[in-house]
Amino acid sequence: MELYITEISKYLITLLLALYTLECFLCFRFSDEERRRGIYIRQNFLMFFVHFSCFMVICFQTGKLEYLFFYIFQQILLFATVMLFHMIYPKGNRLIINNMCMLLSIGFVILTRLSYEKAIKQFFIVTVSIAIGMVIPYLLQKFKFLKSLTWVYAMVGACALGIVLALGSVTHGSKISYSIGGITFQPSEFVKILFVFFLASALYEANDILRVTLTAIVAGMHVLILVASKDLGSALIFFIVYVFMVYIASGNVLYLLLGTAGGCGAAVVAYQFFTHVQVRVQAWKDPWSCIDDAGYQITQSLFAISSGGWFGLGLFEGNPTSIPFVEADFVFSAVAEELGIIFAICVILISISSFIMFMNISIKLRDRFYQLIAFGLGITYIFQVFLTIGGGTKFVPMTGITLPFISYGGSSVLTTLIMFFIIEGLYMIRQDEGVRSVRRKKEKAGRQGTSYAKEDAKRAAESQTEDE
Amino acid sequence: MQKKMQRERQRARQKTSRQIRIVTGMFVALFFAMVGYTCYYAMTNKQAMINNSYNSRQEMLITQNTRGTIYAYDGQVLAQTVVDADGKETRQYPFANMFAHVVGYASHGRFGVEAQTNYYLIQSNVKLSDKVASEMSGEKYPGDSVITNLDVHLQEVAYQSLGVYKGAIIVTEPSTGRILAMVSKPDFDPNEIESIWDELREDKDSGVLLNRATQGLYPPGSTFKIITALEYIRENPDTYGNYSYQCGGRFTRGEDVINCFHGTAHGSENFTKSFAKSCNASFANISVMLDRPSYGDTLEKLLFNCDLPVSFAYNKSKVIMDETVSDSDVMQASIGQGTDQITPLHMNMITAAIANDGILMKPYLIDRIENDNGNIMKQFSPEPYGSLMSQDEAEALTKLMSEVVESGTATKLKGLSYTAAGKTGSAEYNSDKSDSHAWFTGFAPVEDPQICVTIIIEGAGSGGDYAVPIARRIFNAWLEPGDGGSGS
Numbered sequence: 001m002e003l004y005i006t007e008i009s010k011y012l013i014t015l016l017l018a019l020y021t022l023e024c025f026l027c028f029r030f031s032d033e034e035r036r037r038g039i040y041i042r043q044n045f046l047m048f049f050v051h052f053s054c055f056m057v058i059c060f061q062t063g064k065l066e067y068l069f070f071y072i073f074q075q076i077l078l079f080a081t082v083m084l085f086h087m088i089y090p091k092g093n094r095l096i097i098n099n100m101c102m103l104l105s106i107g108f109v110i111l112t113r114l115s116y117e118k119a120i121k122q123f124f125i126v127t128v129s130i131a132i133g134m135v136i137p138y139l140l141q142k143f144k145f146l147k148s149l150t151w152v153y154a155m156v157g158a159c160a161l162g163i164v165l166a167l168g169s170v171t172h173g174s175k176i177s178y179s180i181g182g183i184t185f186q187p188s189e190f191v192k193i194l195f196v197f198f199l200a201s202a203l204y205e206a207n208d209i210l211r212v213t214l215t216a217i218v219a220g221m222h223v224l225i226l227v228a229s230k231d232l233g234s235a236l237i238f239f240i241v242y243v244f245m246v247y248i249a250s251g252n253v254l255y256l257l258l259g260t261a262g263g264c265g266a267a268v269v270a271y272q273f274f275t276h277v278q279v280r281v282q283a284w285k286d287p288w289s290c291i292d293d294a295g296y297q298i299t300q301s302l303f304a305i306s307s308g309g310w311f312g313l314g315l316f317e318g319n320p321t322s323i324p325f326v327e328a329d330f331v332f333s334a335v336a337e338e339l340g341i342i343f344a345i346c347v348i349l350i351s352i353s354s355f356i357m358f359m360n361i362s363i364k365l366r367d368r369f370y371q372l373i374a375f376g377l378g379i380t381y382i383f384q385v386f387l388t389i390g391g392g393t394k395f396v397p398m399t400g401i402t403l404p405f406i407s408y409g410g411s412s413v414l415t416t417l418i419m420f421f422i423i424e425g426l427y428m429i430r431q432d433e434g435v436r437s438v439r440r441k442k443e444k445a446g447r448q449g450t451s452y453a454k455e456d457a458k459r460a461a462e463s464q465t466e467d468e
Numbered sequence: 469m470q471k472k473m474q475r476e477r478q479r480a481r482q483k484t485s486r487q488i489r490i491v492t493g494m495f496v497a498l499f500f501a502m503v504g505y506t507c508y509y510a511m512t513n514k515q516a517m518i519n520n521s522y523n524s525r526q527e528m529l530i531t532q533n534t535r536g537t538i539y540a541y542d543g544q545v546l547a548q549t550v551v552d553a554d555g556k557e558t559r560q561y562p563f564a565n566m567f568a569h570v571v572g573y574a575s576h577g578r579f580g581v582e583a584q585t586n587y588y589l590i591q592s593n594v595k596l597s598d599k600v601a602s603e604m605s606g607e608k609y610p611g612d613s614v615i616t617n618l619d620v621h622l623q624e625v626a627y628q629s630l631g632v633y634k635g636a637i638i639v640t641e642p643s644t645g646r647i648l649a650m651v652s653k654p655d656f657d658p659n660e661i662e663s664i665w666d667e668l669r670e671d672k673d674s675g676v677l678l679n680r681a682t683q684g685l686y687p688p689g690s691t692f693k694i695i696t697a698l699e700y701i702r703e704n705p706d707t708y709g710n711y712s713y714q715c716g717g718r719f720t721r722g723e724d725v726i727n728c729f730h731g732t733a734h735g736s737e738n739f740t741k742s743f744a745k746s747c748n749a750s751f752a753n754i755s756v757m758l759d760r761p762s763y764g765d766t767l768e769k770l771l772f773n774c775d776l777p778v779s780f781a782y783n784k785s786k787v788i789m790d791e792t793v794s795d796s797d798v799m800q801a802s803i804g805q806g807t808d809q810i811t812p813l814h815m816n817m818i819t820a821a822i823a824n825d826g827i828l829m830k831p832y833l834i835d836r837i838e839n840d841n842g843n844i845m846k847q848f849s850p851e852p853y854g855s856l857m858s859q860d861e862a863e864a865l866t867k868l869m870s871e872v873v874e875s876g877t878a879t880k881l882k883g884l885s886y887t888a889a890g891k892t893g894s895a896e897y898n899s900d901k902s903d904s905h906a907w908f909t910g911f912a913p914v915e916d917p918q919i920c921v922t923i924i925i926e927g928a929g930s931g932g933d934y935a936v937p938i939a940r941r942i943f944n945a946w947l948e949p950g951d952g953g954s955g956s
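Residue numbers (the working numbering), protein chains in the order written: chain A, 1 to 468; chain B, 469 to 956.
No lab work stands behind these hints: they were computed from the structure. It is possible that some hints are incorrect.
Unchecked claim - The list that follows gives simulated cross-link-like pairs (lysine-lysine, BS3-like), each with its CA atoms no further than 25 Å apart: (1) K786(B) - K634(B); (2) K867(B) - K882(B); (3) K769(B) - K784(B); (4) K556(B) - K599(B); (5) K786(B) - K769(B); (6) K784(B) - K634(B); (7) K830(B) - K786(B); (8) K64(A) - K118(A); (9) K830(B) - K514(B); (10) K483(B) - K147(A); (11) K599(B) - K880(B); (12) K846(B) - K608(B); (13) K230(A) - K285(A); (14) K595(B) - K846(B); (15) K442(A) - K91(A); (16) K472(B) - K441(A); (17) K64(A) - K599(B); (18) K471(B) - K441(A); (19) K442(A) - K472(B); (20) K514(B) - K285(A); (21) K441(A) - K483(B); (22) K634(B) - K483(B); (23) K442(A) - K471(B); (24) K91(A) - K147(A).
Stated by the list, open to error - A short list of chain A residues far from chain B (calculated; beta carbon distances all over 10 Å): (25) E66; (26) M221; (27) F244; (28) S307; (29) R366; (30) F386.
Each residue gets a CB set at the ideal place from its N, CA and C atoms; glycine is no exception.
Construct the complete structure from the given sequences, taking the supplied hints into account.
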């Protein structure tokens, strides 16, 4: 009986998530939220079934009742998030919220399987984070002064990173966190958002060479502090975000090439001078030759991914806990092993669909500042997904950063939630922009009465309905 | 003015939109590359990873499934796991020593088919309902079975024929590459592996654990003349028939002397006779005329110093041949002495390619994998490796090798109900030149080769006297079913 349930649910779970993922991309066929409603409701049902099926397997496998209660709490949280958000922000984007909840629920499933205690801790952090996140779209629309805080962002960000470097505690060889009142923070996570705000506010008006140089100095400072803290993954994210944001702000492809060349040069220098960089690269090039030490984690991760096959071994049927720090750095490999490669690919595709939505919103935003923020956060998010999954699959050297929403880690999940809610805020700002611009054009058209202006207004009205 | 500014702004916005789209596309492409790479890497390396000793999933599968059974091609059990009343598992090998090296053992790092197919043996692909039934009765799931190409009768004949000698025999089907028999001596009883392991490990001299058929490196002796002949034919495709030489029992060049076996003077001989009589002096004479880089290329094409296209443990054959090699060394190399080294497996592959119009089929041991319900999980098929020589060259060599049987060193294969072709060798391995390994490599029937045999007997004497009679027994077993054989 148990065996039938676990076997059949393997295929069922994969199928349900594949359908959910399909809906993620189908929604790009429609340009207004109204027509996507059917998709969103179907997604909510699929989400529920995936989550439910996974926990049914967990309950059968463990035979413990507490897992059932835990599931119910999770379900309530996710349901409340979807419903409340829709009620508070009827004009919000529901794909982003759905994807957020879908990924969170996958995170709960895999964390519960890996470590019940950590899953519970994560659940509380997520609950608080969502409560905080819910007010962000509102604040973003109210706080018009965010554009002018350029140097505040830079100062706060650099200081936060500097303090960690000076006083932080060492975890796995990197100084990345410090504790206040028993709660451990990883400031590099939050500083990512400040950094994007800094770049957006510094570059939205002027993007001459002086500005770019000035931002380069600040960005370089951030990156250097992170390298000194041995947090190479975050350093790389900051660097990439800087290069791409300067490219979009200036529109000059030369900056992108210059930045890439500079980055490659810096990587070579880092490789020459830091042994921990050499060790990472060595473990990436040939993990099998150093399987006892540097290559241990990555080879264990590869074992996990390859043993799963297309549909996975089933929850509790594999051995993902053989990977050190699996719940933070290698959660993707655990997902691939027990839930299957197809499921894992769906997780990637859901992340990509969120990214594409971020970028669509960025394109539609008229205000340059907000446009740059949406773009910068999108790059931050997707590049982090890329680094962590690429690291676990030996596609790129391992950097030891988390998979947003799925990995265990309070700072990570709070930061990603804030990022997603900021995007929601920007989405609603865009809608107000659209309404305002139509109103303005209409007024203008009425005043001038020319056919040209009328046409213009018509075009603007059309473009407004097209807005995401 | 205002309109112009507005239009400029519009253009700038469009440019930004385009750039954002490009960046989006870049990242999506990056992810596709990563997903493709991951799937490819995980799927292609799946077996190697499961077999890696650092992978704990192997232990998981072993506790979950009973190790599968290894069968001969006709269905006889070669290795199986027996579970007693207490649930204690024992690996049994019904034929004991006979299949020791080829089937191998399942503990102490594993060996042979046990190692090669470990991945399949520890998996269980039985029907779900059977799994449930096993679960109910508290048994482990039955592992998948491996059906090999091995023929029990042929193996038995080969095993018995080698007698008390050390050495190896490998028998294949030239048109498919199927390995029909593989014997290595000295041998051991895999049933006793637990108790004899330490003793075998310590005994470095006799190398009992070595599979001589695939891992044993021997001086090829006169069997190497097949390759020297091929190179001579390649360099003189139209005129090699005109070759003539007067053999006085030795070939001298400067201070170097190459003696014929037992110093026999072969008299006046052409190319065919030189080959048939295995005349060392004549081949030394040929060798100094050969273009050394081209000779080196031919050897490389025949997979010397290269990886062999097989999926089990073996050693690479070694030979040094380029323009820097001295006359003296070329003379030695061309008759398979000196530093040349080859495995019986490799010699068999070259012979099989000659029998198969120059096309080498990859030698393989495993026919298929079945689950416990008898459904085929994976079927292995014959795979061509490629052409080692042209069809004309293969035909020319076949003629030479037929003459060896007709009038040369392997006349013990003459006058049978089938025709055979081959080459003998007596590889001297001691400086005092009294001891030699007996070689034979050949195939039968000549018109339609069905079986290719390579034999090495350590320290027995001449190939014609010791190896050829064994070849005859193996050919008989396969080609004359009435003779008690189990021929196909």
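Comparing the hints with the structure gives:
This hinted pair checks out: K786(B) and K634(B) have alpha carbons roughly 22 Å apart, not beyond 25 Å. Between K867(B) and K882(B), the direct Cα distance comes to roughly 14 Å. Compliance with the 25 Å bound is thereby established for this hinted pair. Distance restraint check for K769(B) and K784(B): the Cα-Cα separation of roughly 14 Å lies within the 25 Å cut-off, and the hinted pair is therefore satisfied. For a cut-off of 25 Å, the pair hint linking K556(B) to K599(B) stands: about 20 Å separates their Cα positions.
Note on K786(B) and K769(B): the hinted pairing holds, with a Cα-Cα distance of about 13 Å set against a maximum of 25 Å. The straight-line distance between the Cα atoms of K784(B) and K634(B) is roughly 21 Å, inside the 25 Å bound, and the hint therefore holds. The suggested pairing of K830(B) with K786(B) holds, with an alpha-carbon distance near 20 Å, which does not exceed 25 Å. The suggested pairing of K64(A) with K118(A) holds, with an alpha-carbon distance near 17 Å, which does not exceed 25 Å.
Between K830(B) and K514(B) the CA atoms are separated by roughly 22 Å; this keeps the pair inside 25 Å, and the hint holds. Using a Cα cut-off of 25 Å, the hinted pair K483(B) and K147(A) holds, with the two alpha carbons roughly 23 Å apart. Proposed proximity of K599(B) and K880(B) is contradicted: the alpha carbons are some 57 Å apart, above 25 Å. Restraint check for K846(B) and K608(B): the C-alpha separation of about 22 Å stays at or below 25 Å, so the hint holds.
About 20 Å separates the Cα atoms of K230(A) and K285(A), which keeps this hinted pair within 25 Å; it holds. Proposed proximity of K595(B) and K846(B) is supported: the alpha carbons are some 16 Å apart, at most 25 Å. For the proposed pair K442(A) and K91(A), the alpha carbon gap of about 23 Å is at most 25 Å, so the pair holds. The hinted pair formed by K472(B) and K441(A) meets the criterion: a straight-line CA distance of about 16 Å does not exceed 25 Å.
Note on K64(A) and K599(B): the hinted pairing holds, with a Cα-Cα distance of about 24 Å set against a maximum of 25 Å. Only pairs whose Cα atoms come within 25 Å are accepted, and K471(B) paired with K441(A) is accepted, the gap being roughly 13 Å. Distance restraint check for K442(A) and K472(B): the Cα-Cα separation of roughly 20 Å lies within the 25 Å cut-off, and the hinted pair is therefore satisfied. Restraint check: the Cα-Cα separation between K514(B) and K285(A) comes to about 19 Å, which is no more than 25 Å; the hinted pair holds.
Taking the CA atoms of K441(A) and K483(B), the gap is about 23 Å. The hint holds against a cut of 25 Å. With a CA separation close to 80 Å, the supplied pair K634(B) and K483(B) exceeds the 25 Å bound. Using a Cα cut-off of 25 Å, the hinted pair K442(A) and K471(B) holds, with the two alpha carbons roughly 16 Å apart. Annotation: proposed proximity of K91(A) to K147(A) holds, straight-line Cα distance about 24 Å (limit 25 Å).
Taking the minimum C-beta to C-beta distance to chain B, about 25 Å, the non-interface status of E66(A) holds against the 10 Å cut. With a least beta-carbon separation of about 25 Å from chain B, M221(A) lies farther than 10 Å from that chain, consistent with its non-interface assignment. The Cβ of F244(A) does not lie farther than 10 Å from every Cβ of chain B; its closest approach is about 6 Å, which violates its non-interface assignment. Distance check for S307(A) against chain B: the nearest CB is about 5 Å away, which does not clear 10 Å, and the non-interface claim fails.
Distance check for R366(A) against chain B: the nearest CB is about 8 Å away, which does not clear 10 Å, and the non-interface claim fails. With 10 Å as the threshold on Cβ separation, the claim that F386(A) sits away from chain B is violated: the shortest Cβ distance comes to roughly 6 Å.
In this structure, the earlier hints numbered 11, 22, 27, 28, 29, 30 are contradicted, and the remaining ones agree with it.
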